[in-house]
Amino acid sequence: MTATDTGAPALGSGPARRSRRRRRPGRSGRLPYLLILPAVLVLLVVVVWPLFKIVQLSLQKQESGKFALFHSGASSPFAGLANFRTVLSDSTFWAVVGRTAAFTAINVVLSLLIGIGIAVLLNRVSKWARLTLIAVLLFVWAVPTTVSTQVFYWLFSNQLGAVNYLLDLIPGVHMQGHDWFADPHQGLAVITAVVVWGAVPLLAISLHAGIGQIPKEIIEAARCDGATPWQTFRQVTLPVLAPLLVILTTLSVIWDFGVFNQIWFMRTGHPEPGYQTVGIYMYSTGVGSSHYNVGATIGVLMMLGLVGIMIFYIRQLFRIGDAE
Amino acid sequence: MAIAVTEAPPEPPAVRVRPKRARRARLTPGKVLLALTAYAIAMIFVLPYAEMIISALRPPKELLSRGYLPRHYDWSNFTSIWKTGFGQNLGASLKVAGGSTLVVLLVALPAAYYTARRKFRGRSLFLLLVLATQMFQPAAMLVGIQREFISFNLPSPIISLILVNAGFNLAFAVWILNAYFSSIPAELEEAAMVDGTSRLGALGRITLPLALPGIVTALIFTFIGAWNELLVALTLTLGAPDKQRPLTVGINNYIGQYSIDWGHLFAGSVIATLPVIALFALIEGKVVGGLTAGSIK
Numbered sequence: 000m001t002a003t004d005t006g007a008p009a010l011g012s013g014p015a016r017r018s019r020r021r022r023r024p025g026r027s028g029r030l031p032y033l034l035i036l037p038a039v040l041v042l043l044v045v046v047v048w049p050l051f052k053i054v055q056l057s058l059q060k061q062e063s064g065k066f067a068l069f070h071s072g073a074s075s076p077f078a079g080l081a082n083f084r085t086v087l088s089d090s091t092f093w094a095v096v097g098r099t100a101a102f103t104a105i106n107v108v109l110s111l112l113i114g115i116g117i118a119v120l121l122n123r124v125s126k127w128a129r130l131t132l133i134a135v136l137l138f139v140w141a142v143p144t145t146v147s148t149q150v151f152y153w154l155f156s157n158q159l160g161a162v163n164y165l166l167d168l169i170p171g172v173h174m175q176g177h178d179w180f181a182d183p184h185q186g187l188a189v190i191t192a193v194v195v196w197g198a199v200p201l202l203a204i205s206l207h208a209g210i211g212q213i214p215k216e217i218i219e220a221a222r223c224d225g226a227t228p229w230q231t232f233r234q235v236t237l238p239v240l241a242p243l244l245v246i247l248t249t250l251s252v253i254w255d256f257g258v259f260n261q262i263w264f265m266r267t268g269h270p271e272p273g274y275q276t277v278g279i280y281m282y283s284t285g286v287g288s289s290h291y292n293v294g295a296t297i298g299v300l301m302m303l304g305l306v307g308i309m310i311f312y313i314r315q316l317f318r319i320g321d322a323e
Numbered sequence: 000m001a002i003a004v005t006e007a008p009p010e011p012p013a014v015r016v017r018p019k020r021a022r023r024a025r026l027t028p029g030k031v032l033l034a035l036t037a038y039a040i041a042m043i044f045v046l047p048y049a050e051m052i053i054s055a056l057r058p059p060k061e062l063l064s065r066g067y068l069p070r071h072y073d074w075s076n077f078t079s080i081w082k083t084g085f086g087q088n089l090g091a092s093l094k095v096a097g098g099s100t101l102v103v104l105l106v107a108l109p110a111a112y113y114t115a116r117r118k119f120r121g122r123s124l125f126l127l128l129v130l131a132t133q134m135f136q137p138a139a140m141l142v143g144i145q146r147e148f149i150s151f152n153l154p155s156p157i158i159s160l161i162l163v164n165a166g167f168n169l170a171f172a173v174w175i176l177n178a179y180f181s182s183i184p185a186e187l188e189e190a191a192m193v194d195g196t197s198r199l200g201a202l203g204r205i206t207l208p209l210a211l212p213g214i215v216t217a218l219i220f221t222f223i224g225a226w227n228e229l230l231v232a233l234t235l236t237l238g239a240p241d242k243q244r245p246l247t248v249g250i251n252n253y254i255g256q257y258s259i260d261w262g263h264l265f266a267g268s269v270i271a272t273l274p275v276i277a278l279f280a281l282i283e284g285k286v287v288g289g290l291t292a293g294s295i296k
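Note that the protein sequences, when read in sequence, are chains A and B.
The opening position of the first sequence corresponds to residue 0 in numbering that gives the first Met the number 0, with each subsequent residue numbered one higher.
The opening position of the second sequence corresponds to residue 0 in numbering that gives the first Met the number 0, with each subsequent residue numbered one higher.
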């Protein structure tokens, strides 16, 4: 922390003092721009430039796949929308899009439902139970996805996994040696479990804090008026939580849409076609097989899709919020 | 929280799983059941990780045995793993996560402080740019990022990874710090300055300590984000020597397509989890407040 404590003020030291006289009217010359310049530079290099680059690449024809890594790309001829036509007429792409949409929807809904459930539980239990559960949730949240994915992979592995072993103990169920990953649907269900597992702690803790901030008088008033716990939750808690829920849902969609690590590890670095969501598909096309123009095109489409979903969704939620 | 306040007539015990009304001090079956549910959920969350630690300590020939606890513990996975180049991967991860956390704080603090304190032309444009980048994710721009850093030709992919991770975690840091600085009244600083402190002194003694939960939250988010990042690391270390690969990429060495070195994989996983847990343990109390500050008013 020492570096930041001393570093940040140092950046603003000289100019801050010089501009003190002019500060009152609210104009401070170049100082604000000096202070935000580093942030803008980092964003330009890391976000804006690659964004520009994928748009450019998506409009160009690929010269050679072989040397894609070292090919400068400067002389690539303009190809118009040919890449988009190729991608959009590819049935694999549409299968991937459908799979990603379903996967994202299931993950977001499940993690929000479980998150809300645990948040409500946290607000109702006694202090010790609450502190224990919060500590555990923080721990789970801190564990890298890499690690939790591997643990789940182990638990679901066909020979050594505890899940098969435990399920096999149930009379009438024969799961010995069952391969969860032979069928992509079952495999994706396992991956959903890991994704939800990793997403729940953050959702539960922030929703718990959100519920805690609701004035107790409102809840009590609802109760006095004879509202059932469900009605109180539906009519009082949810509307107050709406802004927080918008943020959390938005973030969840963005995160689950781009799930990569969990699928990548569960398929030991070689996801079969049935496991490909947009992120994996883009990686294997654009980076893995060096079709970088097609990869960039998929990236542009991903971006458009994501922005579209987000705008639609945020507007929907605000509409619901207004109605209530 | 309702438990402590409501003054409802005591209900006959039993019947309900979820108590309709919270009671003051009485231990009802419903309450006990809720607490048990909470503990059960906590157990479910912990068990797989316990299994991971136990498996890392299980001798290879006991891997197939069904006992939950191994007959003897074997630390050899934790000692032999350092011979597989794991230390270098760990070092690369620490550099990437530490470096990007430092960059984020150095870059985000002044920007967030100033945008929170003063209005200037371009302020909302800047905040909008930052918000927009929060929506983007490296996955979609991967090809662009790859080609950009090929053309930069930096000496080590670690530098590229520090930059990329800093960039994609900057938005969150700026927003949360901005929210924190806005919530601290400027009068506090002015009062300190009236009392004879310099502007910098006021900043260092009043504002930064008050904003500490926000700073810590931004710090943890960036560190964990960079520590867990795989996709960009995978792409930018293509063709790089093994020792420049962070853990998330390097740990794949223990996973073959047909056989998996479970012992080293789990030992590596345990070690990879430690820095993050340590960070959490150090600053645990400040996180929950930091996460939710300003989310609901």
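Treat the hints as calculated values from the structure; they're not laboratory data.
No experiment lies behind these values; they were computed from the predicted model shown.
Virtual Cβ for every residue (Gly too), placed ideally from N, Cα, C.
Watch out, some of these pointers could steer you wrong.
[As the list claims (entries may be wrong)] For the chain A half of the interface with chain B, some residues (derived, Cβ under 8 Å), not all of them: (1) W263; (2) Y282; (3) M301.
State the violated hints by number, sorted upward, taking the hints as numbered earlier in the document. none
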